[in-house]
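Enquirer: Each chain, written out:
There are 2 protein chains.
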Amino acid sequence: MGEIMRLSRYFMPTLRENPAEAQIVSHRLMLRAGMIRQSSAGIYSWLPLGFRVLKKIENIVREEQDAAGCQELLMPTIQPADLWRESGRYDDYGKEMLRITDRHDRDMLFGPTNEELITDIFRNSVKSYRDLPRLLYHIQWKFRDEVRPRFGIMRGREFLMKDSYSFDLDYEGARRAYNKMFVAYLRTFARMGLKAIPMAADTGPIGGDLSHEFIILADTGESEVFCHADYLDFDPMMSGVDYEDDLQPVVDEWTRLYAATDEMHDPVAFAEQVPEDKALHTRGIEVGHIFYFGAKYSEAMGATVQQADGTEVPVEMGSYGIGVSRLVGAIIEASHDDAGIIWPEAVAPFRVGLINLKVDDSATRETCERLYAELSAKGMDVLYDDTDVRAGVKFATSELIGTPWQLVVGPRGVASGLVELKSRDGDVNEEISIDAAVTRVSG
Amino acid sequence: MGEIMRLSRYFMPTLRENPAEAQIVSHRLMLRAGMIRQSSAGIYSWLPLGFRVLKKIENIVREEQDAAGCQELLMPTIQPADLWRESGRYDDYGKEMLRITDRHDRDMLFGPTNEELITDIFRNSVKSYRDLPRLLYHIQWKFRDEVRPRFGIMRGREFLMKDSYSFDLDYEGARRAYNKMFVAYLRTFARMGLKAIPMAADTGPIGGDLSHEFIILADTGESEVFCHADYLDFDPMMSGVDYEDDLQPVVDEWTRLYAATDEMHDPVAFAEQVPEDKALHTRGIEVGHIFYFGAKYSEAMGATVQQADGTEVPVEMGSYGIGVSRLVGAIIEASHDDAGIIWPEAVAPFRVGLINLKVDDSATRETCERLYAELSAKGMDVLYDDTDVRAGVKFATSELIGTPWQLVVGPRGVASGLVELKSRDGDVNEEISIDAAVTRVSG
Numbered sequence: 001m002g003e004i005m006r007l008s009r010y011f012m013p014t015l016r017e018n019p020a021e022a023q024i025v026s027h028r029l030m031l032r033a034g035m036i037r038q039s040s041a042g043i044y045s046w047l048p049l050g051f052r053v054l055k056k057i058e059n060i061v062r063e064e065q066d067a068a069g070c071q072e073l074l075m076p077t078i079q080p081a082d083l084w085r086e087s088g089r090y091d092d093y094g095k096e097m098l099r100i101t102d103r104h105d106r107d108m109l110f111g112p113t114n115e116e117l118i119t120d121i122f123r124n125s126v127k128s129y130r131d132l133p134r135l136l137y138h139i140q141w142k143f144r145d146e147v148r149p150r151f152g153i154m155r156g157r158e159f160l161m162k163d164s165y166s167f168d169l170d171y172e173g174a175r176r177a178y179n180k181m182f183v184a185y186l187r188t189f190a191r192m193g194l195k196a197i198p199m200a201a202d203t204g205p206i207g208g209d210l211s212h213e214f215i216i217l218a219d220t221g222e223s224e225v226f227c228h229a230d231y232l233d234f235d236p237m238m239s240g241v242d243y244e245d246d247l248q249p250v251v252d253e254w255t256r257l258y259a260a261t262d263e264m265h266d267p268v269a270f271a272e273q274v275p276e277d278k279a280l281h282t283r284g285i286e287v288g289h290i291f292y293f294g295a296k297y298s299e300a301m302g303a304t305v306q307q308a309d310g311t312e313v314p315v316e317m318g319s320y321g322i323g324v325s326r327l328v329g330a331i332i333e334a335s336h337d338d339a340g341i342i343w344p345e346a347v348a349p350f351r352v353g354l355i356n357l358k359v360d361d362s363a364t365r366e367t368c369e370r371l372y373a374e375l376s377a378k379g380m381d382v383l384y385d386d387t388d389v390r391a392g393v394k395f396a397t398s399e400l401i402g403t404p405w406q407l408v409v410g411p412r413g414v415a416s417g418l419v420e421l422k423s424r425d426g427d428v429n430e431e432i433s434i435d436a437a438v439t440r441v442s443g
Numbered sequence: 001m002g003e004i005m006r007l008s009r010y011f012m013p014t015l016r017e018n019p020a021e022a023q024i025v026s027h028r029l030m031l032r033a034g035m036i037r038q039s040s041a042g043i044y045s046w047l048p049l050g051f052r053v054l055k056k057i058e059n060i061v062r063e064e065q066d067a068a069g070c071q072e073l074l075m076p077t078i079q080p081a082d083l084w085r086e087s088g089r090y091d092d093y094g095k096e097m098l099r100i101t102d103r104h105d106r107d108m109l110f111g112p113t114n115e116e117l118i119t120d121i122f123r124n125s126v127k128s129y130r131d132l133p134r135l136l137y138h139i140q141w142k143f144r145d146e147v148r149p150r151f152g153i154m155r156g157r158e159f160l161m162k163d164s165y166s167f168d169l170d171y172e173g174a175r176r177a178y179n180k181m182f183v184a185y186l187r188t189f190a191r192m193g194l195k196a197i198p199m200a201a202d203t204g205p206i207g208g209d210l211s212h213e214f215i216i217l218a219d220t221g222e223s224e225v226f227c228h229a230d231y232l233d234f235d236p237m238m239s240g241v242d243y244e245d246d247l248q249p250v251v252d253e254w255t256r257l258y259a260a261t262d263e264m265h266d267p268v269a270f271a272e273q274v275p276e277d278k279a280l281h282t283r284g285i286e287v288g289h290i291f292y293f294g295a296k297y298s299e300a301m302g303a304t305v306q307q308a309d310g311t312e313v314p315v316e317m318g319s320y321g322i323g324v325s326r327l328v329g330a331i332i333e334a335s336h337d338d339a340g341i342i343w344p345e346a347v348a349p350f351r352v353g354l355i356n357l358k359v360d361d362s363a364t365r366e367t368c369e370r371l372y373a374e375l376s377a378k379g380m381d382v383l384y385d386d387t388d389v390r391a392g393v394k395f396a397t398s399e400l401i402g403t404p405w406q407l408v409v410g411p412r413g414v415a416s417g418l419v420e421l422k423s424r425d426g427d428v429n430e431e432i433s434i435d436a437a438v439t440r441v442s443g
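First to last, the sequence lines map onto chains G and L.
Residue numbers for the first sequence follow this note's numbering, so the first one is 1 and each next one is one higher.
Residue numbers for the second sequence follow this note's numbering, so the first one is 1 and each next one is one higher.
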């Protein structure tokens with residue numbers, strides 16, 4: 001059964017006017033569509049419509065992590081400062097870390113990230129090379145006390161992230177874990193209808209080539225990006241990928257062509273490696289980051305394992321993040337028009353917006369109820385606009401919230417057994433029989 | 001497809017010894033089974049096995065809230081102090097509230113509960129009686145800075161709760177909302193294999209009879225309870241409950257007999273109302289609380305709605321909590337033996353523990369792989385113990401983590417086409433053909 005909702009009963013407080021505080025389109029549309037409400041600077045409540053999208057994104061992330069053999073756990077939001085003193089980051093982190101003193105005057109903090117905590121869990125539980133490799137993840141709310149939170153949930157203070165952490169005996173193992181996450185990320189973003197391009201990122205003192213940001217292209221993106229246009233034609237859904245295989249060829253293929261954010265951009269290399277008609281210079285949004293950091297934390301925190309020969313080595317680690325709440329905004333930045341959001345089907349809050357043009361007409365109402373029941377039985381999520389307002393208002397709301405399919409039911413059509421079917425992307429706009437409509441939108 | 005896991009690859013760090021810090025059985029068993037690890041006093045990480053149980057409980061709670069017409073949203077963990085100043089609770093709350101100052105010296109707090117925030121959302125969005133009733137909920141981590149956190153996740157500092165809030169025009173509407181939650185709670189706990197008995201709770205200055213705690217019976221429970229033994233035979237799964245019906249008769253039926261915690265206990269009334277052979281005096285654990293509080297917050301915070309006649313009234317509210325993380329411990333307190341946990345099927349981390357008694361025997365291994373694949377195809381969650389340890393260790397682990405079904409595969413049985421099937425509750429223990437085993441545990 002799909003989830004169904006009558007708009008007359010749904011808590012979706014839309015706004016007619018553009019909120020003055022919203023500088024970017026995703027923030028504006030999320031407020032207008034009643035997806036979020038700010039509770040204080042950079043901190044938001046997710047109202048039912050926004051929450052549905054957030055959950056759909058979270059579930060896609062989860063399914064692809066599970067498929068890659070990553071095991072889910074959940075670390076708390078509040079961490080002890082002492083762990084961060086061990087790694088040396090407690091003093092380094094600066095004012096973005098939300099520092100807290102509890103009633104017993106112990107120093108705590110709201111986790112901005114989890115390397116220390118996962119390393120602590122690992123060192124208390126795993127002692128032998130026989131228990132490696134390990135690939136663990138969690139999806140949890142984090143806090144970064146941004147000096148100027150802005151752009152809605154795109155650069156908020158409290159935000160939802162998926163973090164994975166890999167534990168391996170040696171560099172080769174760490175590289176295999178890295179490659180698994182690389183491929184899982186390609187698939188994750190593709191399932192959301194996004195083209196995410198992996199771009200080499202700064203590895204800092206760790207060095208090497210095992211750090212990539214996953215960037216989706218959007219004119220309104222926060223960073224400049226430079227890449228080979230052929231990436232746009234790559235297929236990230238390598239059907240039937242086997243995570244036990246050697247994935248290096250896939251990673252090589254996806255890192256073969258030039259792709260860089262402004263931070264790492266090398267104009268000379270770009271000009272040399274990319275023919276002029278393939279040189280893409282646009283803007284992008286970071287939605288994921290994968291990073292190998294070796295023994296940085298395991299050495300500082302004593303997370304060692306015994307090797308086959310009895311000697312101890314610090315475990316090799318990597319971390320792999322996806323901005324789950326940020327993706328909601330990023331998808332809107334990449335997919336909207338003047339009227340509102342255009343959701344990719346996989347993350348749409350509802351697949352079908354069912355619009356009753358005349359709620360006091362019994363034949364129209366009966367047809368709507370029938371469509372509502374049949375679509376639900378086919379597993380479609382339907383938002384049924386049964387409110388008593390003008391047709392124009394209904395269309396505007398429907399376009400604003402961006403359901404992929406719109407089914408418009410009015411007395412004239414019903415009399416001849418027809419409804420109007422529109423796709424939000426504008427490709428479909430036709431009169432169609434009621435039965436055909438059900439088949440069409442559930443296909 | 002069910003979820004399947006090979007124990008050799010599963011991050012489940014069990015402990016052989018009873019941890020000294022654990023005073024109660026659920027805490028002890030959760031640590032020993034590798035379900036949780038403490039990160040600081042009263043704050044825990046949920047390891048994969050514990051996380052699976054937590055998610056199953058959360059999903060049952062969610063499904064029953066949705067079925068009752070409650071709509072899910074998500075409020076943040078960090079709240080502005082100003083909202084709590086409006087309600088007057090900022091000063092009242094005392095040291096259990098985790099108070100935080102952000103980088104701009106604004107007073108914030110980690111939400112111990114959400115009445116203020118949901119009232120703020122409501123007053124900013126709903127203005128008219130036509131938009132009532134509303135029934136909203138969220139499932140979020142909360143923090144209470146307990147002076148002496150203890151009993152593991154049963155009285156931790158960071159804990160997961162489901163909170164619902166109802167908004168109605170008048171007392172009658174509020175009572176309907178209250179009754180919906182009353183019935184939803186009966187169903188929720190029953191689906192987890194629990195007998196939860198609603199007991200009248202203190203209504204304080206609000207008065208009236210609309211406050212109930214839902215208590216499950218367990219010898220190790222935190223509070224004394226006194227009730228009529230007939231409650232144990234009541235059936236909470238009123239099949240086909242319609243939440244649009246008048247639910248008052250159900251509530252009346254469930255509050256007809258005597259039931260009280262020590263706080264509300266009246267020995268005279270107990271003796272008068274309950275025949276001696278029906279007088280149950282035992283211990284219990286609170287897993288839910290529903291509470292009507294009228295205009296307490298809406299008045300203080302100006303959450304009013306316009307009535308049909310144009311006048312404004314403060315909205316009538318109630319709140320309804322379930323301790324989601326606490327339930328994990330409560331279920332263990334109610335269902336365990338000396339060897340470990342006995343999970344009710346609906347919340348078990350895995351339904352089947354598949355035990356390979358001789359991993360270096362190819363026929364045994366093949367039978368296990370076949371069972372593993374067939375059970376998974378039937379949607380069963382299976383934990384396959386493919387580790388190379390003694391049979392005794394495998395049995396002990398299996399009983400400790402408490403999967404409802406145990407399938408034991410050894411070379412002797414395999415030669416004659418048989419496996420051993422045991423239920424964790426001890427009711428079943430037989431040799432059975434391999435095909436029959438699949439049918440039996442997936443039934």
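If you're looking for bench data, these hints aren't it; they were derived computationally from the structure.
We treat Cβ as the ideally placed atom computed from N, Cα and C, and that holds for glycine.
Each hint should be verified, as a subset may be incorrect.
Not the full set, but computed from the structure, chain G residues with beta-carbon under 7 Å of chain L [what the hints assert, rightly or not]:
| no. | residue |
| --- | --- |
| 1 | L7 |
| 2 | F11 |
| 3 | A67 |
| 4 | Q71 |
| 5 | E72 |
| 6 | L74 |
| 7 | K95 |
| 8 | I100 |
| 9 | D102 |
| 10 | R103 |
| 11 | I121 |
| 12 | Y171 |
Okay, the calculated beta carbon distance ranges per label pair [what the hints assert, rightly or not]:
| no. | chain 1 | residue 1 | chain 2 | residue 2 | range |
| --- | --- | --- | --- | --- | --- |
| 13 | L | E345 | G | A391 | 42 to 52 Å |
| 14 | L | S8 | G | G443 | 24 to 34 Å |
| 15 | G | A363 | L | A308 | 22 to 32 Å |
Enquirer: Output the numbers, in ascending order, of every earlier hint that fails for this structure.
Expert: Failing hints, ascending: 1, 3, 12 and 14.
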